[in-house]
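Whenever a hint applies, use it, and build me the whole structure from the sequences.
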Amino acid sequence: MTNSASASGSVTVSVSVNGEPREIAAGTMLAAVVATLTQATKGVAAALNETVVPRGQWSCTAVADGDRVEVLTAVQGG
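Residue numbers (the numbering used here): 1025 to 1102.
Hints are computed from structural coordinates only; laboratory data are not their basis.
For each residue, glycine too, the CB sits at the ideal point set by N, CA and C.
Be a bit skeptical, because a hint or two may be false.
As the list claims (entries may be wrong) - Restraint-style ranges between C-beta atoms, simulated for each label pair:
1) N1042 - T1065: 15 to 21 Å
2) G1043 - R1079: 18 to 24 Å
3) Q1100 - E1047: 30 to 36 Å
Okay, structure coming up:
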């Protein structure tokens, strides 16, 4: 995977989010990636490269080129 420049001139990186390829701005924090998938404030877990990242670290954990992000939301049911 390689870094590339977007039309606006900012550098983007290629990552996988829930198994889907995405281009995001270099330096994007995990919290921003999670926010693109859900606005839920409870029952959400995030993993970066198969390692769970505590919610308190989402805003200071940068997602880099080639990283794999998985975002899981708890669902109630019976």
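Evaluated hints:
Checked against the hint of 15 to 21 Å, the pair N1042 and T1065 passes, with Cβ atoms roughly 19 Å apart. At about 22 Å, the beta-carbon gap between G1043 and R1079 stays in the expected band of 18 to 24 Å. Separated by about 34 Å at the C-beta atoms, Q1100 and E1047 satisfy the suggested range of 30 to 36 Å.
Figure legend: structure checked against the earlier numbered hints; every hint is met.
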